[in-house]
Amino acid sequence: MSEKQAEKMALPIVGIVLGALALIMSWIPFMNLFGFFLALVGLVLTGISFYVNRQGKKVLTFISLGLVIAGAAISMAFHVSYVQLYKVAEKSIQEEQKREEKRAIADVKKEFAEMSAEEGMEMKIVGEPTINLDNDGNTWNQEKYDALKVGAELTGVGGSNAADIEKEHGVATSSVEVEVGGITLKVLTWTDEYDEDDDSGVVLTFIKQSNGDWLLSDKEIA
1 MSEKQAEKMA LPIVGIVLGA LALIMSWIPF MNLFGFFLAL VGLVLTGISF YVNRQGKKVL
61 TFISLGLVIA GAAISMAFHV SYVQLYKVAE KSIQEEQKRE EKRAIADVKK EFAEMSAEEG
121 MEMKIVGEPT INLDNDGNTW NQEKYDALKV GAELTGVGGS NAADIEKEHG VATSSVEVEV
181 GGITLKVLTW TDEYDEDDDS GVVLTFIKQS NGDWLLSDKE IA
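Position 198 of the sequence shown, counted from 1, bears residue number 198 in full-length UniProt numbering, the numbering being contiguous throughout.
Because the hints were derived from the structure by calculation, they are not lab data. Just so you know, not all the hints are guaranteed correct.
Okay, the calculated beta carbon distance ranges per label pair [stated by the list, open to error]:
no.	residue 1	residue 2	range
1	D218	K91	36 to 42 angstroms
2	Y145	K102	25 to 31 angstroms
3	A89	W27	17 to 23 angstroms
Okay, derived cross-link-like pairs now, DSS-like style, lysine-lysine, Cα gap no bigger than 25 angstroms in a straight line [claimed, not checked]:
no.	residue 1	residue 2
4	K124	K91
5	K110	K219
6	K98	K87
7	K167	K219
8	K144	K98
Because the structure is a prediction, the values reported are computed rather than measured. Beta carbons: idealized from backbone N, C-alpha and C, even for Gly.
Go ahead and model the full structure; you've got the sequences and the hints to work with.
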């Protein structure tokens, strides 16, 4: 009789264990979904236990039922909450990034307006400056900077090509096109947005060619 009784108790005991594991995992981000799955398995085993013990006592089976239902409900509730929190955090980061980009674009426009006033020449910004805050950081070093070929000051002829530079170093942190005295310039800046201890950056000025290429006419370390 004891062996038969133990066999009837096996299913609800497994259900209790699975329900308890589901409750424990329900508090752990990204593990609560696995806990929900365990609770479903426990629920199936508990249902089988009800059938097996339909004519006997069901104390452990009812305990198992309570645990697996609680485990499933709490696991799913926390999973949904964590997903919502992640979405809210992601949206907040995206909105802050957009605000940073707008501030950076405004700073670029202000800088060129002040430069135009100081130099006493008209500088017209072509289109909208672009800001890339998703760059992987500043990949420049002195050797790479020195290797750049600076072309003629007014034409850029003989200078390094902007496309080749961006292929090697990634998209610049900021880019702005300016018309000055009939010449179209592009100023590209690379800075490490994630290194608060390093304010240095590379600023390159290119001149647009008739074939659409941009050739380097000036370089400096800011």
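Quiz prompt | Structure-inconsistent hints, enumerated in ascending order | solution = Structure breaks hints 4 and 8.
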